[in-house]
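K.L.:
Residues per chain are reported as follows:
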Amino acid sequence: DAGVTQSPTHLIKTRGQQVTLRCSPKSGHDTVSWYQQALGQGPQFIFQYYEEEERQRGNFPDRFSGHQFPNYSSELNVNALLLGDSALYLCASSLAWGGDTGELFFGEGSRLTVL
Amino acid sequence: DAKTTQPTSMDCAEGRAANLPCNHSTISGNEYVYWYRQIHSQGPQYIIHGLKNNETNEMASLIITEDRKSSTLILPHATLRDTAVYYCIVRVSGGYQKVTFGTGTKLQVIP
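Chains as they are written, first to last, in the working numbering: chain A, 1 to 115; chain B, 1001 to 1111.
For reference, chain A alone in the conformation it holds in the complex (with noise of 0.2 Å):
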């Protein structure tokens, strides 16, 4: 049974670039969340999915979107790329409903680096 996929696991950008990662969740979940970490802190929660709509938003402008598709796999973009924005981007896949323990599975991570 795969786990959460992240791809890619690492990509350099330059600023002002636009750049779309992806994940795929854990086989029986519907809901996927995008975390942002920088270096020494702690995730900063993005966005999240469910039925194709984003459902909850962290405080991430505008550039930061997403994408959920019927098979529940998901996208991040990030347009108009600030060194900022570097940082280890996390997906994590949950059950909205039902028996599971409601627990998030993580990704291993896309490390973004802006020059």
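No lab work stands behind these hints: they were computed from the structure. Take these hints with a grain of salt, some might be off.
[To be verified] Reference excerpt, derived from the structure (chain B facing chain A, CB under 7 Å, subset only): (1) C1012; (2) A1013; (3) H1040; (4) P1044; (5) G1094; (6) Y1096; (7) K1098.
Bear in mind that the values here come from a model prediction, so they are computed numbers and not experimental data. The beta-carbon is built from N, C-alpha and C at its ideal position, and this holds for glycine as well.
Position chain B against the provided structure of chain A, taking the given hints into account.
P.N.:
Chain B only, in chain A's frame:
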């Protein structure tokens, strides 16, 4: 803002019990306490969770105070592989919600 507060760092001797405290004084009646750990910038890993009763699994034990305003994660016999950042969060079980992580506790297990 995170709903929990944790010490920034702790040390523990290998083989001894590691006791990691967490304060969550504003916890709501339907919120669970979850613990995760993150080893060297890998994705956070679920450890254990509880509502009001003490819980134990193969990884750890969770002790929640009667008033539910604080809890302690116990690693009974810490090993070097337990060196990690440990996060305590509170959330309802299920549904879609914003889950906030604090800065966690950096546990260093010393040989």
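K.L.:
Now tell me, hint by hint, if it's right for this structure.
P.N.:
The hints, checked one at a time:
1. C1012: violated (21 Å)
2. A1013: violated (25 Å)
3. H1040: violated (11 Å)
4. P1044: holds (5 Å)
5. G1094: Since the shortest Cβ distance to chain A is 5 Å, the answer is holds.
6. Y1096: This hint holds: Y1096 (chain B) lies near chain A, its Cβ roughly 4 Å from the closest one there, short of 7 Å.
7. K1098: This hint holds: K1098 (chain B) lies near chain A, its Cβ roughly 4 Å from the closest one there, short of 7 Å.
Violated hints, listed in ascending order, are 1, 2, 3; each of the other numbered hints is respected by the structure.
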